[in-house]
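Visitor: Chains as they are written, first to last, in the UniProt record's numbering: chain A, 1 to 481; chain B, 1 to 383.
Because the hints were derived from the structure by calculation, they are not lab data.
Treat the hints with care, as some may be off.
What the hints assert, rightly or not - Covered stretches of chain B, as calculated for chain A (at least 3 residues, CB under 8 Å):
1) 136-144
2) 250-264
3) 282-290
What the hints assert, rightly or not - Now the stretches of chain B that chain A is said to cover, found in silico as 3 or more residues with beta-carbon under 8 Å:
4) 36-42
5) 63-71
Note that the structure is predicted; figures quoted are calculated from it, not measured.
For each residue, glycine too, the CB sits at the ideal point set by N, CA and C.
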Amino acid sequence: MPSVDLQTLSDLLPPGRLSDDAASQAAFESDGLTAFRCRPLAVVIPQNETEVVQTVRWCDQHAVPFVARGSGTSLSGGSMPVAGGIVISLNRLRQIIKVDPDNRIAVVQPGVINLHVSAAAARHGLYYAPDPSSQKICTIGGNIAFNSGGAHCLKYGMTSNHVIGIRAVTASGEIVTFGGESLESVGPDFTGLFCGSEGLFGVALEITLRLLPQPECFHTVLVGYRSLRAAGDAVSAVIDSGLLPGAMEIMEALAIEAAEAATQCGYPKGAAAVLIVELEGPREKIEAEKQQLESIIAATDAFETVVAADDQQRAGIWAGRKSAFSAVGKLSPDFLVQDGVVPRKRLGDALEAIEGFSKDSGLRVANVFHAGDGNLHPLILFDDSVDGELERAEALAGKILDLCVQMGGSITGEHGVGMEKREFLPKMYDEPTMELMHRLRAAFDPQTIANPGKMFPGAEAPALSSHGLHPLEKAGVISRE
Amino acid sequence: MSELVDVETIAALQELVRHSESILVVGNRTKPALSSVAAPTQRVTTRSLSGIIEYEPSEFTFTALAGTTLAEIKAALASKNQYLPFDPFLTETDATADDNATTGAGATIAGTLAAGLSGPGRHRYGGVRDFVLAAQFVAGDGNLIQSGGKVVKNAAGFDIPKLLVGSCGRLGAITALTFKVFPRPVEFHTYQLQSADHEEAARLIAALARGRWELDAIDYRSESRSIWIRIGAAKAVCDAIATDISRSLQTHTVAPMTDEQAVQSWAPLMQLRFGGSNRRSIVKIPMVLQQMQRLATWCDDRRDKVSLHASVAGSIGWLAVADDTLADVDAFLADASMTGLVIRGDQQSTGRWMLGTRRSAPIDQKIKDAMDPPGRFPNLGGE
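So here's chain A without its partners, still in its complex pose (with noise of 0.2 Å):
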């Protein structure tokens, strides 16, 4: 890459935007995907959204590469730094623009906190639905960015869902705005092809996103099972029935372990694996639905099944949920997650294979999983400083990704392709759909500027280096499902 003259981007922006000193490097080498590093050339932090444009222009104009980062928690490396190029860093545009409770819409800049959505819509009894485990640290931009999930996508959608209008400025410079305040548009659904574009188009500077009515009533049930397939055989039952849980989750007997010993949440001992069921709804539909869902499992292989007897109780359950990747990532000094999916009907032969390839290996998997969408999350546990374990590591998540594909299902159902599964996109689809990805692309950002290396298998990649777990993972902040 050409040298370039940093001091022209400083000169655009007001003083102590634009850091390119070792420190300011160091603070943004690395995203969720812990294991890899990559030090940009230097980090902008804008104030507002015009800096942002002209950040991008700058870049644009000297074709100088960017990535835009909202809290750096993307799971599959897709907000990891490209060697020579800028991190654009949207933590500070974080204002809610606003609320409208008639309409059921918020209007927010990218770095707006997940969870602050909900918590700015909850005095009109409305909620942010997108759900990802790291929504207490992930921004708004970052989930548009991934189309990040969580637990509930399968009643509510992934984030593309719940987005119905987008300002950006694409990597060309070009300010557009896709969709609107209304739920409905006309024309081609671009806002919809905006998200999980994995920033590869551009930033996105304003987004109006859909608000639903809070759930009155949540009845949370934890099932413990003697196997994993009877688990699964339960989940294929309270589909076959009728009912739309709001969630379902399958933890098995590795991660309950590690979950138990973290939080104390009282899952049922000696469980080969905990099924967690929860409906929500307005109560009258509720009482009707859990009395169902009552009958559902006592058919079924269950030993035990506690049902939730107040928001805490609940609470302490998914608290064992969602604490399980931190806790299982405690066992071992590295780890890495896959986020594949298979229909939801191979799930038992998925998790078998997935065991047969654990042997295989001799390293150890603990699968969590979201059940009712075939969302696999399986934890790959290994140790860097032993020689090979993480080139295993990487070998066996690859088997598991084609499995995925073959089983036809998918290589990501939350975490996008990032930097880690780059390679395994062209197993999803064919030459022709590579090609005209590539032509949607070069619409946006002609020049491959916006976060190359990520998405799409090539030389535009980082040199990459192992490094273990990031030091807010270690300390149980962020979690990696």
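Got chain A sorted already, so can you dock chain B onto it with the hints?
Guide: Same frame as chain A, now just chain B:
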């Protein structure tokens, strides 16, 4: 205008795309305004590319060829107590169709997606954009594209299936689609309440939409100032919820419709024939509640020419319009900075199917060029 060609295979469609200078794909032509183009264009129907290829009730997904009718899909899903929650229009065969452009057969799944049409049930779980998972289509260069994934959760690659929603055949020729479906509530029941005026209606709709009741549909017939509420559950549960809504609103009674009344109320809307014989043109207008009030007031002064049905808690206006009034609608929408899409209407009156404020962003054409490098599909502007 060239003859309508009926393709029976995907390969034949690819050949036609590759060898046409200008081509537009239609289904059963239930939304004829969307396929009217000025330039000489080869028209192709995919109505013979029909059939459900895969249906996995346990996965909540199905895949159907482009020309599969909604009626066939609805019947297949109903046999497994499932449904498309976005409540698509024009499912039934339209016996009243007297336009030579239409076949009288109901809408196809690809036409519904390409037109971006969602019915009243959009309120509860989202629209057609929220349920499409995968799209197979022929791009402008003739290549067959497989976009999206056939599982209910997929974040790999660009979400091209969503881009095709509302694209009206201008970005690709759809050959097959995969959708997510949901279990169908055991019953649906409809209730109504009366508002004094549009302002009160907007206030009531807002209260209903953010309430705890999780209503299936909230629609407003502006001529009668009547709000319709649909709830999906057993009758006793629906009645209990309706009673609680009355209690909560205090000043308004939520009255049940009989099953017959409900059918008579919803059916004309679902066929987009609620304007009667003198208001046959249909315009879709995205809006918010404040815009709904303004539009409804404008319609009050032209009752014999326009009729507004506001759907999805005031998010979509369906305007039934006399053909000679489309130009007035165009002017009103432009003045109000709103946009309309003519679904059915006399093209001569405006000469285009986009009314009011229209987009003119360079990025739109760049995206069109990416999807259709040779420029074989008509432009996005609706002219």
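Visitor: Is the coverage entry for the stretch 282-290 of chain B by chain A consistent with the three-residue Cβ rule at 8 Å?
Guide: Holds: 5 residues of the stretch 282-290 of chain B have a Cβ under 8 Å from chain A.
Visitor: Check, residue by residue, whether the stretch 36-42 of chain B contains three or more positions whose beta-carbon lies closer than 8 Å to a beta-carbon of chain A, and give the verdict.
Guide: Our answer is that it is violated, as 0 residues pass the Cβ test (under 8 Å) against chain A, missing three.
Visitor: Please check whether the stretch 250-264 of chain B has three or more residues whose CB lies within less than 8 Å of a CB on chain A.
Guide: violated (count 0)
Visitor: Can you confirm whether chain A covers the stretch 136-144 of chain B, using C-beta to C-beta distances below 8 Å and requiring at least three such residues?
Guide: Coverage by chain A holds here, the residue count being 3 at a Cβ distance below 8 Å.
Visitor: Is the coverage entry for the stretch 63-71 of chain B by chain A consistent with the three-residue Cβ rule at 8 Å?
Guide: violated (count 0)
Hint compliance for this structure: hints 2, 4 and 5 are not met, and every other hint is.
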